[in-house]
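Peer 1: Here are the chains, one letter per residue:
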Amino acid sequence: MTAPSLPDLAGHFGKYGGRFVPEALVKALDELDAAYRSAKADPEFQARFQDLLLNYAGTPSLLYRATRLSEALGAEILLKREDLNHTGAHKVRNVLGQALLAKRMGKPRVIAETGAGQHGVASATAAALLDLECVVYMGETDTERQALNVARMRMLGARVIPVTNGSRTLKDALNEALRDWVTTVDTTHYLLGTAAGPHPFPEIVRDFVGGIGVEARAQVLEMTGKLPDAVAACVGGGSNAIGIFHAFVGDEGVRLYGFEAGGDGVETGRHAASITGGTVGVLHGNRTYLLQDEDGQTVESHSISAGLDYPGVGPEHAWLHDAGRASYEPVTDAEAMAAFQLLCRTEGIIPAIESAHALAGAAKIAPRLREELGRTPTIVVNLSGRGDKDVHTAGAYFGILDKDVVS
Amino acid sequence: MTIASTFAAAKADDRAVLVGCMPAGFPTVDDSIEQMIEMHRSGCDVIEVELPYSDPVMDGPVIQKASDIALANGVRTRDTLKIIEAVSSAGATVVLMTYWNPIEKYGVDAFARDLAAAGATGLITPDLIPDEAQEWLAASDKHDIDRTFLVAPSSTDARIAMTLENCRGFVYATALMGVTGARTAVSSQAPELVSRIRAVDPDLPIGVGLGVGNGAQAAEVAAFADGVIVGSALIRCVLDAPDRSTGLDRLRALSAELAEGVRGRA
Numbered sequence: 012m013t014a015p016s017l018p019d020l021a022g023h024f025g026k027y028g029g030r031f032v033p034e035a036l037v038k039a040l041d042e043l044d045a046a047y048r049s050a051k052a053d054p055e056f057q058a059r060f061q062d063l064l065l066n067y068a069g070t071p072s073l074l075y076r077a078t079r080l081s082e083a084l085g086a087e088i089l090l091k092r093e094d095l096n097h098t099g100a101h102k103v104r105n106v107l108g109q110a111l112l113a114k115r116m117g118k119p120r121v122i123a124e125t126g127a128g129q130h131g132v133a134s135a136t137a138a139a140l141l142d143l144e145c146v147v148y149m150g151e152t153d154t155e156r157q158a159l160n161v162a163r164m165r166m167l168g169a170r171v172i173p174v175t176n177g178s179r180t181l182k183d184a185l186n187e188a189l190r191d192w193v194t195t196v197d198t199t200h201y202l203l204g205t206a207a208g209p210h211p212f213p214e215i216v217r218d219f220v221g222g223i224g225v226e227a228r229a230q231v232l233e234m235t236g237k238l239p240d241a242v243a244a245c246v247g248g249g250s251n252a253i254g255i256f257h258a259f260v261g262d263e264g265v266r267l268y269g270f271e272a273g274g275d276g277v278e279t280g281r282h283a284a285s286i287t288g289g290t291v292g293v294l295h296g297n298r299t300y301l302l303q304d305e306d307g308q309t310v311e312s313h314s315i316s317a318g319l320d321y322p323g324v325g326p327e328h329a330w331l332h333d334a335g336r337a338s339y340e341p342v343t344d345a346e347a348m349a350a351f352q353l354l355c356r357t358e359g360i361i362p363a364i365e366s367a368h369a370l371a372g373a374a375k376i377a378p379r380l381r382e383e384l385g386r387t388p389t390i391v392v393n394l395s396g397r398g399d400k401d402v403h404t405a406g407a408y409f410g411i412l413d414k415d416v417v418s
Numbered sequence: 040m041t042i043a044s045t046f047a048a049a050k051a052d053d054r055a056v057l058v059g060c061m062p063a064g065f066p067t068v069d070d071s072i073e074q075m076i077e078m079h080r081s082g083c084d085v086i087e088v089e090l091p092y093s094d095p096v097m098d099g100p101v102i103q104k105a106s107d108i109a110l111a112n113g114v115r116t117r118d119t120l121k122i123i124e125a126v127s128s129a130g131a132t133v134v135l136m137t138y139w140n141p142i143e144k145y146g147v148d149a150f151a152r153d154l155a156a157a158g159a160t161g162l163i164t165p166d167l168i169p170d171e172a173q174e175w176l177a178a179s180d181k182h183d184i185d186r187t188f189l190v191a192p193s194s195t196d197a198r199i200a201m202t203l204e205n206c207r208g209f210v211y212a213t214a215l216m217g218v219t220g221a222r223t224a225v226s227s228q229a230p231e232l233v234s235r236i237r238a239v240d241p242d243l244p245i246g247v248g249l250g251v252g253n254g255a256q257a258a259e260v261a262a263f264a265d266g267v268i269v270g271s272a273l274i275r276c277v278l279d280a281p282d283r284s285t286g287l288d289r290l291r292a293l294s295a296e297l298a299e300g301v302r303g304r305a
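Sequence order for the protein chains is Y and F. Count along the first sequence from 1, add 11, and you get the number used in the numbering used here. Count along the second sequence from 1, add 39, and you get the number used in the numbering used here.
For the record, the hints were derived by calculation from the structure and aren't laboratory data. A quick note: this is a predicted structure, and the numbers were derived from the prediction, not measured. The beta carbon of each residue, even a glycine, is placed where N, CA and C say it ideally should be. Please note that a few of the clues may not be correct.
[Said to hold, decoys possible] Below, in silico cross-link-like pairs of lysine-lysine (DSSO-like), each with a Cα-Cα straight-line distance of 27 Å or less:
#1 K121/F - K144/F
#2 K181/F - K26/Y
#3 K26/Y - K114/Y
#4 K51/Y - K38/Y
#5 K181/F - K121/F
#6 K121/F - K26/Y
[Said to hold, decoys possible] Here are the in silico distance ranges between beta carbons for each label pair:
#7 A200/F - D197/Y: 45 to 51 Å
#8 K50/F - D19/Y: 40 to 46 Å
#9 K26/Y - A262/F: 43 to 49 Å
#10 E296/F - D399/Y: 57 to 63 Å
Isolated chain F (complex conformation) (with noise of 0.2 Å):
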């Protein structure tokens, strides 16, 4: 499914979507293929693989620790094509989060062309802004890639205009100032964000991310956001489990609890 229809078909339902985020490679690549494939079949509509890298600005302490392990492990960009590949063809909505570096020396139009073939409908750049971003929006266009930019609560009106009119499949709502990582409460912040978002673009479907680590929050997200983000929570189900079935079981259960959260809408 595109990115376009899996939020249309949500919105049919009355329900929020929801994207579960593991990084390519963590703790193997086996392992985090698995990994996707079952937080796809517990509940997870679309699954952001995250390329592993070794100066994430943007990520905290749980995603870096994830990234170095498969980055230790010796994961390569050609590895995560491969993940997309495999997790598209069981039937998952794939996009890719990556920063901006491995993509560059990647050669920005050939991974756009690498990234369809591989099944991918979307990329999310936490690092690049539309007013570096000349190349990859001509790549993107060409190759038929969604593109998600961020937008943040410090955003000014004008820059989520720009930001919006650069996106396609969906926006990136940061929800609060800080990076990534499950928090105990919702951030105030995100309602503003979103509607001065819907505000601008009452279209474009907007995803939530930082903070949400549970199905309470991930219900009082999907009561005013169209896509509900975790990321940490789901990866912690597999670092912090002592053995590898334990895990997957965290895994199946959070992503079910998730699941059952986007439609809850408290």
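Just chain Y, with the same shape it has in the complex (with noise of 0.2 Å):
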């Protein structure tokens, strides 16, 4: 199989992505597009953007092979250190490929929607270094549970709107979003957190995350003289899988999996799996699976997991599961709190809660592949970010905190 070369011209992934949008935000979309080739195909803008990765944010990322989590889990695991970035997650390398573009457009003012608070924190942080004005859109219920990354936003400069409609979450934040840049095309660039919404923003998302698995790929040739026998990351909106994914993609005999967020049980319906418990439908700008009623209303998400915590997948996502090149299952919070665990007491590393869903899903296929592949199989997970901004939750989780901490 070799690498699709998808989207379509329109933005389509077989019969997902595409553009439903109000017509007001057709331009727009159509001079990103034409700004993001004209990029593309710059020497200076790659070069640029090169830099900011190498001397800013840190990367190439560590691919580093964790020996005692091998171990426990009999598989070898090499994790790919996108913890150890700037700002703590794979997101800076999306949030430095699109300020750079919206100073190429010319535009002074980014806006962006936030659920945990570590894209708007990645996106304050980006138009600090670039000198752009940033708005950050934040459901009120998610600037109360993480007032931290508020502060964070504030220092670096941003501006944070608490969004106090719908069900004041991820979703409602990225409707403000849209509405703000209806009114704002002009000046503004809507600088989106995930490989999701209208056509282009799946595809360069997509593109500006896509070193992640060109890392991986060399890295674990480098490392085993061997392609691995799976790649496996956590899915929301599923920026850093498809980034670590990308680069597989052509490669038939690596397997790739992207764990969903269980939450209580897809069986139970409190969760944000929409490949595995969602429905086809239409949401924020592009066709995908989705959560929703049986009248098309979007359903509210649940996730121990806030960054998880989104009823829709980027489209990509949605074909790659049809086409059969990915496998798509949940993991539930109570398995990714035990990854999350196990990590922190083998390899002395503190995930993010997103990123335990993916320990928990190479957990899961571990023995299977070893079963399959009659050996030890090799499993690269995708360590997507740093645990710091989760220590309140884990922490009361586990029931290991002392009385009046502060959240």
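Take the two lone chains, each set in its own frame, and fit them into one complex as the hints suggest.
Peer 2: Set out below in structure tokens:
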């Protein structure tokens, strides 16, 4: 199988993706598309982007052989250490790319949506670095849950606007960012945080984070002399997963696994597993799998991980799922937290709870692959972010907080 | 009446058509039917029923709030069809405005069929552009539903031409770059957009929406457009009223004021 040259010119991955937006935004999306094509072909832009990744963000991130975790799981586990990047997650790659693009388009202002605050912090960081005005929309519920990230964004000079309509979480922040953009499109770039939304965002975000997979592929070849048996990542909107998958899509022997947030369990209805527990529809500008009721109203998602707590998923994942090229499975809160603890105790690494879903998934597929292959499998796991932001959630989950700890 | 004959009749009277918008099921199914019938009786030529949706990205705070109330009170897609049936049976010309996903979930062809059977004459699609509308073009042709797509001040001439080719009934010109909601002044971008549309197609009626809230503004828009679309200001009559009968009184009064406005052509 060769790597597919998707999306097509209109942003379709098979029947997924596309543009389901108010006409008022079409011109801006066309301009963004044109600006991206020209930037992609411009060696100067690429050099500037690579320079920031190398000298500011601290990439390429390490590929680390997790020996004690490997023993515990019965597989050779190689961790792609995106948690070591500046701002603590893979998201810095996307925001640097898009902020450079905003500069190139002559737009002095960027807006962003955020759930837990990670993309908001990353956006505020890139905006400070490149001298852009930055406004971050965040559900009011999330601003209360993630007060420290709100403070971080403000320290970096961003304005945080709490969103008080709908469910007051990530999807409503995204709605509000789109409403802002309809009004301010001449001066504003919408710095979308995941590989979803209307074309060309899924493609742009994929390409900006695609270095994860390119690096991991070269690193694993150098380290082991061969390609891995599997690549595992967590999937909310799906940017870290598409970032590590993309370079491996053409490698037929490499199995791709996306682990969705199963919350209390897909069967309970309280989850955020759009592919394994949702149906096909249109949300936030693209056709994809989403959580919806029988009238097509969006259903609220649930996950212990704020970064995966989103009722949709990027359209390329929907396509990879239907094409059978990647497998998507749910991981429950409990499974993710067990993996979280295991990584802490075996490797001295506190992962983001998002990334713990990928670790829990690796633990599930390890025995299956061992049986199928008749040997110890090699699994590359995308450790997409660090867990500092999750200390309070995890501390409460494990009951290890002393009383009166400030959230 | 069809959309075409409604616009033709108004044109013969040398006035603009008044399109009044109300979310289905706000605050309840029966109340919304009563409101729409009162709007019709008080001078709204076309009732634009909005199907409440969980993620209305084109709408400002008033329509969002009304939609949330309708959804919280349990309105379903099938209720919206019942409401359309009741309001069109009362003699109103009815069009539906809806975000795309509820239709896709219902089944595009089945929805067009049931919408026609309920008596609606057209559909306005705020987040469906003709580029993605193949299935809708086929279903609306088959079941004879008029198609209203949106154009915006940011639309290129090429996109305006492409959009008009795919419209039937009337085109919705969004008067400004922004979301729905009454403004203190009518957008200066609107007349220019209307003349750009007319330059491409002098015959297709043009409805102008976003920002109109009173009779004077309606008259101002009626001076250059074929239809004046009012939503948030009408909804606010009900939303902000201390009790139901006051709300209905305000709704009747504003509808009448707007109807006078579209006859004023300032």
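Peer 1: Determine for every hint whether it applies to the structure shown.
Peer 2: Hint check:
no.	hint	verdict
1	K121/F - K144/F	18 Å, holds
2	K181/F - K26/Y	23 Å, holds
3	K26/Y - K114/Y	33 Å, violated
4	K51/Y - K38/Y	20 Å, holds
5	K181/F - K121/F	22 Å, holds
6	K121/F - K26/Y	32 Å, violated
7	A200/F - D197/Y: 45 to 51 Å	23 Å, violated
8	K50/F - D19/Y: 40 to 46 Å	43 Å, holds
9	K26/Y - A262/F: 43 to 49 Å	45 Å, holds
10	E296/F - D399/Y: 57 to 63 Å	58 Å, holds
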